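**Student:** Use the sequences and the hints to build the structure in full.
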Amino acid sequence: MFKQFEEKISYPKIEESILKFWKENQIFEKSISLRDEKNSFTFYEGPPTVNGRPGIHHVMARTLKDLVCRYKTMTGYQVHRKAGWDTHGLPIEIALEKELNFSQKSDIEKYGVAEFNKKAKDLVYHHIEMKEGWRTLTERMGYWINLDEAYITCTNEYIESVWWSLKELYKKGLIYKGFKIVPQCPHCETPLSSHELALGYDEVNDPNVYIKFKLKDEDASILVWTTTPWTLISNVALAVGEDIDYVKIKTEKHGVLYLAKARLSVIKEDFEIIEELKGKALLGKEYVPLFNYIPVDKKAWYVISGDFVSTEDGSGVVHIAPAFGADDYEVSKKYDLPFIQPVTKSGRFTDQVTDFAGRLVKSIQFQTHEEKGVDPDIIKNLKERGLIYRAGNDYTHSYPHCWRCDNPLIYYARDSWYIRTTEIANRMIELNKTINWCPPEVGAGRFGNWLEENKDWSLSRDRYWGTPLPIWLNEDGDMIVVGSIEELKEGFVERDGNKIFVKDLPKDEIDLHKPFVDEVKFEKDGKIYTRTPELIDVWYDSGSMPFAQWHYPFENKEIFESNFPADFICEGIDQTRGWFYTLHAIATLVFDNVAYKNLIVNELILDKNGLKMSKSRGNVIDPFLMFDKYGVDATRWYLVTTSPPWKPTLFDEEGIVEVQRKFFGTLVNTYNFFALYANIDKFNMSEEFIPYSERPEIDRWIISKLHSLVKEYTELMESYDVTKAARQVSNFTIDQLSNWYVRRSRRRFWKSEINANKLSAYQTLYECLLTVTKLAAPFAPFITEELYQNLNNVTKKENYESVHLAYIPKPKFIDTELEEKMEIAQRVVYLTRSIRAKNNLKVRQPLLKMMVAIDKSKRDALSKMEDVILEEVNIKKLIILDDDSSIVNKTAKPNFKVIGPKYGKLVKSLTNAIKLLDGNSIAKIEKEGELELTIENEKIKITNEDIEIVSHEIEGWLVESEEGVTVAVDTELNEDLIAEGYAREFVNRIQNMRKDANFDVIDRIKVAYFSDQKLFDYLNKFNDYISNEVLADEINFNSDLEKGFEQNFQIADFNCKIIIKKV
RNA sequence: GGGCCUGUAGCUCAGAUGGUUAGAGCGCACGCCUGAUAAGCGUGAGGUCAGUAGUUCAAUUCUACUCAGGCCCA
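Here the first sequence stands for residues 1 to 1063, where the numbers follow UniProt numbering.
Simulated from the structure, these hints should not be mistaken for laboratory data. Computed from a prediction, not measured in an experiment: that's the story for all the values here. Treat the hints with care, since some could be wrong.
[To be verified] With a straight-line Cα cutoff of 20 Å, these simulated EDC-like cross-link-like pairs (lysine to aspartate or glutamate) come out:
no. : residue 1 : residue 2
1   : K647      : E694
2   : K897      : D855
3   : K489      : E452
4   : K858      : D721
5   : K810      : E712
6   : K1061     : E1046
7   : K864      : E1029
8   : K876      : E1029
**Tutor:** What follows is the structure in structure tokens.
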């Protein structure tokens, strides 16, 4: 027996039981072990940072990852997939600082690095395993990935692989220490890399200040604009553009000022232009420094030239502080300007800056409190000295913020370690061209541009919880780079004044983290090497996962080699400069290869109003809530089908409801219909298989449609267009299978004894259901499993334990001609229904005849579909009209695609001429294939191809027309038709009563009714028909049935009481 | 300021190698059908395909610019 679904299905409940089934039978494990290892498809899991709870956007990315892997499995590939967790770095440290109530970085030192790191490790493991955490989400949503052998970035093995790769880079001369302007987070007291910078731009209001720099040798000032007043203390020069036009103006209040002519709009008072001059003329002018806290050793405070100066904002003069800007630093080297660095790595002024010593340069939000920056006080100071032209705090722009603590960054000159990625930038660009990006524009555009502007990778971080930079230095700056634990063992530690070699330490004391690694020292040629204290960028960790997840090259050499590069990865667009970049950069650096061949980029998920989801707006969607309400399948299906992954998705719960009702509801309903009748007929696919060629037209049609679907689906999936693939499955199920095939074929299931025709219907519907189930399986893994089990457990046609171990079938029976035929039939039916609807003619009322005018080439197809059409529209006779039929009025329409290229400019006049052609001329073209016309004094022979002939009305009939098909319906009724209509009404009432009375579909009944004699006269003619339809053994007029089920009706003008009773 | 994407019905989205009637679902109104039945189907209202200019016999589609929104970069 096929299992029937209850009327009210609880999808979440089914999903729970499927999860159990998978677990007990190890289906996931089998989906890998049962596939040929030589036919592998490699997927890399981008490790989420295990920090806090997962959200709906994680469900999106994980659905895409999962469905591609499941699909590949179902096409025969072996798809290994290791989960991974990103466990190092600032996000974890910050979460922990919060927990420990620390307010600044130095608290960690006070607390003890060893203890801090131990806590960090505990925290990440807790986040992985906690309730409603990562493991729960992954399992509940059916994301199949190996969680038990996940790679975890904070293990010794992982770090050792990372170290190995760094040593490889060192050997290639790609690692160096440099003094550069870097984005520095004063809160976290660490530099960030440019890709981290990309993660944290925010719209903010900054100071908008115009300052007067007094010139030494004339009574005038240069007007300078800045948004960072705190950098003025380090000012050493002013830059102008040599070719920019400047003006010298006189004002009442502020005296004589120099500024760019194009920026005069900043002067809000009356002024007089005294002189116009080029920037060149200003070069060398000396000015009085604003501050002199710090003595300088070189010539400073004069006007220099800078090609970066623009007149787009400000005053057209840029103040130069070499310690705080990349342009400033570069130009200062060119002019040999002094370097003033009065700010510490934590963003505070040094004691040298007496008035502001210890003050923060920017406001910072600490865990416990906010501390204000120094800008307002500097402005106040300058104002008191009359040096401010104008000061506000209203300059709105996007400014980089720390991606984890949200505080504004400062550009800051300092020492740090770099990877020379610029050396392989061209190679990265080249390799990138071989990657299949979905969508392509992100790869060519966003990522491509990024590669072209490549800067060296700022690798080091001044933090605690992360992979240590494996570099040891001696006092001369000579370095040792450690590439493995073996090499580390050559070092020693000092314990109680004793020197102990690392190799002699117990194994569990060797922890590739701070503070242990800092203890280790090396001795070479009599010199002592100590570790440089920095960690590496956490993004380097995740970018190393292709090899580090396998502890390569220390173990698993073959596995790594056969699984590199990945065939497929999939992450959010925010990873363009994150993981996508670090994977690509490291693969290019270490292996001179790509790290992935195909990738799907997914966009943000917004709320239904298009706003970003955020806790403060309260519009965050909890994935677990969706799962409990609608189930995982509907949520997954909705996310994938509502818009392509690479377009922002507006998340609307209503959408899930609709998906569930329309697609899943229809699919399950269709299955239930099948199960109902198959059970009655004891059908189980053990019957003789009826070859497609011997099946009725409608069966061959749906089979052909099904196989066309498989073909299209496969093509789309192969090109990673998963949204379209799923939409096709849904359209087929709803429109073709349910609304046409099943509806058209219903009678075959519920009528008559079992014969070839009925068997054919069962076999056809079974195949459709089974195939649709398989196609939908990667997207909706649960309900498809349930359906597959229900179908296959009875028939035992396949011996796969799970739909996910089955194979996507190959399309083999496609009959395009037949599909086209049915399309014509469907069009005729729709047109006919439209006529009936417009004229209020119920379908239950049979009509005598209809006529169809259609192009010659399609007449044959139409006549083959006659039965389907007539039955569907309840009309007795179909007349297909010939060309020379005089009842059709024909006009001609130009076929622009043909005449356009042929006649060019004549098209306009020709169009008019064609539209004016009369019936005779059209008939002539139809008969002779051509007609001569004179257009603008040119003789033109138009042929059949040049025009399209449209039949648009039939005299005296109700007519509808569309795309070259014209349908006309004869609405005249006679007594027989009326009688038959009544009989149908009567049947309909009884069927409804059977339903209301809860009779079984196969129960036989007796019928009795009371009504007008006239109605009886009509109905009596159709007694056999009625009995047959309602399974009645007898029908009696004007008699009663004891204890029968009775109801009163109105049939046309007659009142009627009907009583039915089971036999 | 630069790059990329988006702009089609009240809403969510399709589509068109440029061809004269631009589609679907949801919502609304009115019908219909129903032995799958708390489904289904049809009809109707609703669109200057963001705007302007250009290329073309023909532009919603191609090009340029403008406007609006998003993401990214400076």
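**Student:** Decide, hint by hint, whether the structure agrees.
**Tutor:** We went through each hint and held it up to the structure:
no., hint, in the structure
1, K647 to E694, "violated (46 Å)"
2, K897 to D855, "holds (19 Å)"
3, K489 to E452, "violated (41 Å)"
4, K858 to D721, "violated (34 Å)"
5, K810 to E712, "holds (11 Å)"
6, K1061 to E1046, "holds (9 Å)"
7, K864 to E1029, "violated (27 Å)"
8, K876 to E1029, "holds (19 Å)"
In summary, the structure is inconsistent with hints 1, 3, 4 and 7 from the numbered list given earlier, while agreeing with the others.
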